[in-house]
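Enquirer: Sequence:
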Amino acid sequence: MTDTHHHARPDGAADPASPCDLLVRDARLLVVDGDTEIPGGWIALRDGRVAAYGPAGTEPARAARTLSAAGRLVTPGLINTHHHLYQNLTRSYAPAVNGTLFTWLTTLYPLWAALDEEAVHLATYVGIAELLMGGCTTSTDHHYVHPRPRLIDAQIRTAQELGFRFHATRGSMTRSTEDGGLPPRSVTQTAEEVLADSERLVRAYHDPAPGALSRVALAPCSPFSVTRELMTATAELAERLDVRLHTHLAEDPDEDTYCLTTYGCRPVEYFESVGWMTDRTWVAHCVHPTAEERARLAAAGVGVAHCPSSNMLIAGGTTAVQEMRGLGMPVGIGCDGSASTDHASLWLETRGALLLGRYRGGPAAMTARDALDIATRGSARCLGRADELGQLRPGACGDLVVWDTPEVALAGALTDPVEAWLRCAPSRAWTTVVGGRVLVDGGELQLPELATKLREHARVARRMQNLD
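No gaps in the numbering here: position 154 of the sequence shown is 153 in numbering that gives the first Met the number 0, and each next residue is one more.
A few of these clues could be false.
[Claimed, not checked] What follows is a set of in silico ranges between Cβ atoms, one per label pair, in the way DEER data are often shown: (1) Ala299 <-> Gly360: 22 to 28 Å; (2) Pro148 <-> Ser67: 33 to 39 Å; (3) Ala60 <-> Pro209: 25 to 31 Å; (4) Leu466 <-> Gly39: 48 to 54 Å.
In case anyone wonders, no lab produced these hints; they're calculated from the structure.
Values in this document were obtained by computation on a predicted structure and should not be read as measured data.
C-beta atoms are modelled at their ideal positions from N, C-alpha and C, and glycine is treated no differently.
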C-alpha cells in the first residue's frame, strides 16, 4: 500500500515543517512498515525519534544534517532476537564444524572456559560492528558461559560506548557433565550465583523507559544445561522484576530424547511446567514442537526467534514460521552464534528466512515483504517493543537502514525494490542509524577504534583456540 501524505507525531509535538536533526531523502522506496511504502520517500528524525515522513517534494525545509539515499531502499532497522556474540572468537573452528549440535557444543565448551572480560568486550565490539553492516539496529545476546564474573557487564558497557541498542540476556548453566548435563563444571555456576547476579544486572542496567538503549532479560540456557528448580525460580524472578524471559526450546531431536528421559515429558510440556508459558517469553529455534504444542505456545503469547542459517548448517529441521505466524505468534529473526552460524548479517538471515519459507511451503508461501516483516515488526514483538521498534511511524525510535546493493546486481530489477533487495546479490548497509545516530555512513562503519579492536580480537581468538 502506498501512503502519499506526511505525518507528524500523534501528540502534535513534531511539526514536519520545523527543523529536524536528520533528514534522509531521495529513497527509491521508503518502507515505513508492512502497511505503508512511499516511492521517492523521505524521513525526518528529531531527538532520536521519527518526526515525520512523506513523498518527494514535501521534505522539511531545515535539517541539521541531510543524507541522500540516492535511490536506494530505506527500511526500519532489522532486529536480532538471538545471538551468542562471544562465539565469534571460535568461528568456523575446524574440529567442530561438521558435528551435530551436541557434538559442537561439547567440543567448544572447553575453549569457552577461557573467556574473560577482555575477550567478551572484543567479541561484543566486533559482533556489533558486523551487525551494523548487516542492517541490524537492535540486538539481543544470549550469554550463558560464565567462567568468570562480570562478563555481561563488559557486553553492556561496550554496547553503550558504541550507541547500539542492546538487550542483554543473563544466560546460565548449572547442570554440568557431573550432574547429567553437557557442559563441563568450568563453565557452570550454582543456582544461587545465577539468581543473585541476574537480579544485580537487572537493577544495574535494565532501562524500562521508552526508547531505552539497554535492557536485560533472564535466560537459562536450555533444558539440558539447567535444573528444573532454576527454571522455575528464574520465571518467578522475571515476574517480580518485570523483565522478559529467553531460552532455547525444541531445537534438536536429541532434546526430545533428553527431556523424555530426564523429566518424563516433551520439551514444551516441561517448559510449561516450570512457569515459562507466558507472553513475557521468547524462545530460540522452536523447530520440533507438534502442531498441538505450537497452538499452546501461540495461545500463551510465546515468541520465537527463527534462526535460518543455524537451521540449515545443523540440518536438524526448520521452524514452521508461517504456521506460527498464522496462529498469531510473534516470530522474529535471529543470527545464532558460531559454529552453527559463522556470520552476523541480519540481511543474510532475512534472505535465509525467505528461502526456507518457500522451500518448506512452496513458491507462494513466503514473500520478501513477509521476511522483512519478520525481521522488523515480528522481532520487535518478541522483545515486547512493537510500539517503538521495527517500524518508522512518527514517535518510533529513529532506527533505520539505507541499503546498498551493487548496481550490476540490480540491473534489470525495475519493478519491485523489496523483492530485489533479497533476491539480488548480497546487500549491506549504506547507512545505519540507531536512535538518530549515524553508525554506518557511506558504507563505512563510524567506529574509529575498529582496526585496533580487530587486531586485539585476533590475538585473543588465537589464544583461545590454542594456536599460539
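Enquirer: For a quick check of understanding: which of the numbered hints are violated here, in increasing order?
Expert: 2
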